[in-house]
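Chains as they are written, first to last, in my numbering: chain S, 1 to 271; chain C, 1 to 195.
Simulated from the structure, these hints should not be mistaken for laboratory data.
Any given hint might turn out to be false.
To be verified - Computed from the model, here is a short list of chain C residues facing chain S with C-beta under 7 Å:
{"no.": "1", "residue": "L53"}
{"no.": "2", "residue": "L56"}
{"no.": "3", "residue": "A73"}
{"no.": "4", "residue": "R79"}
{"no.": "5", "residue": "S83"}
{"no.": "6", "residue": "L92"}
{"no.": "7", "residue": "A190"}
{"no.": "8", "residue": "L193"}
C-beta atoms are modelled at their ideal positions from N, C-alpha and C, and glycine is treated no differently.
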Amino acid sequence: MMIFTMSDNLLSRRKHLLASGGAALFWLALWQAASQAVGQEILLVSPVSVLRRLLTLVGEASFWGTVGFSLSRILAGFLAAALGGGIGAALAYRFPWIRVLLAPPVFAVKAAPVASFVILCLIWVPSRNLSVVISFLMVFPIIYLNLLEGLNETSRDLLEMAHVFRLNPWRRIRAIYWPQCQPYLVSAFSLSLGLCWKSGVAAEVIGLPDGSIGERLYQAKIFLQTEELFAWTAVIIAVSVLFEKVFLLLLRKGCGVGRPFAWKEKIGGSQ
Amino acid sequence: MTPEKSIYLFHVSRAFGKREVISDFSATFLQGSRTCVMGPSGCGKTTLLHLILGLLHPDFGQVLLPPGWRATAVFQENRLLDSFHAVYNVQLACHKRVSSAWVESALMEVGISRESCFLPAGQLSGGMARRVAVVRALLPEGDLVIMDEPFKGLDPENKGKTVDFVLRHLEGRTLIAATHDKEDIRLLQAQCLNL
C-alpha cells in the first residue's frame, strides 16, 4: 500500500502556497461580508477600510518612528533574554545548585500573568523601557528551559567519548553540545519571538510610553477608531512575522542552525 | 617495557546494583604489551575497559595508571558524531592539527572510499562506521589503545585491512582489546586474559 503525505506528494510547494492564499482570501471575504452585514464600521470594520488606513499610516512620517521605538525596545529585551537564558542554562547545566536557585523565579515568571509584571515593573522602570523588561521576562524562561532541556538530553556516550579523547571545551561545544541544542534553540526562538511582541506591546498599552505602538493602539481604542486599531494590529503581526523570519534566517546562515549535516567541516590545515 | 608506565589493577571489584560484575580482580598491563580480554557475554569485559578508561570507578580496589597518560578507544558502540563526516570525526580526536587529506588516506587504508569519507557518519554502514571508529582510536597520539570488540561486523577482507592498520599504527602503545574471537589473539599478536 502506498502512503502519501499532504506536504510531500499531494501538494507541491506552489500548490501549498496557493492553498494558503486561498484560505486567507476566504477569511477576508467572510470578514468583508460580515462587516457589510453588520453595517457599522465602528463595530466591525471592513478589511478594505483597514487596508486603506494602513496605507495612509505607512505614508506618515511618525509611523516609522513609532515602529522603530517599539521594535528597538522589544528587540533589546529579546536579545538580552536570549543571551541571559543561554548563559543561565549553561551555568545551570554545569552547576546543579544554580538550577535549584533559578527554579523558583523561573517558575514564578512563567506562571504569573503579564499584566501583573507590567504593573509591578511600572513602579521601578520608566514606561519608555517597560517593553524591554517585559519582553526579557517573557523570553528568558523559554530560552533557559529549552536550552537546559537540550543540554540535559546530550548523549552520555558522546560525552564519555569526549572525556576519553580529552576534547577541549570548544570542541565539545562545537561537535557535541551545539548540534544537540540546535533543535531546542530553534523551537525556543520561534516560540519566544512571537511572545515577546505580544507581551511587549501589551506592556506599552498599559504603560503608554510616548511614541510607541501600544500608545497608538490605546488611542485608537479611546477614540473608537476601529480601523486604526485593526491597522496597528496588522502592523504588529507583520513586524512580528518579519522579525521571526529574519532572525531564524540569520541564525541558520550565521550559526549553521538547522543544517542537517556539516559536510565539509574541517579542523586545522596541514599535519 | 617499563613498569613505571604500566597499568596496575589491584583487587578491583565493581557491582551494578546487587550484581557483582568484577570481583577481586588483579592484573598488570605492561607498557607496549598487547592483551586480548576474553570471556563470555556479561563477564565484565566492557566494565574492565571502562574502569581502565576512568569512565567507571571501582567499588573496591585500585586502578593505577601512569601519570600524564593518554588513552584512545574504540567503544562497543561506535560513538561517532552522526551529523559530521568521517574525516571530521577523526580530526576531532587528534590533538595536533591534522589535514583532511592525511585522515582521508588513513580511512582509505581500511577500505573506506573517498566519497564515504565525506558522508555524515550517521549515513555510513555499520562496518564502515566501525572502521572509522578504529581509525579514530589509532591516529591520535597516546599511550594506550582500548578496543571493545574492534572487528565486530566486519567482513573478512575489511577485517584483514583493519587488523593491518591497527598493527601498523600501534607504534609501541599498550593495547587492551575485548573480544569473543580467539583468532583476534593471533591476528593482533596479543596475549590472552580470560575473565
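What hints, given by number in increasing order, does this structure fail? Numbers 2, 7, 8 - these are the hints that the structure violates, sorted from lowest upward.
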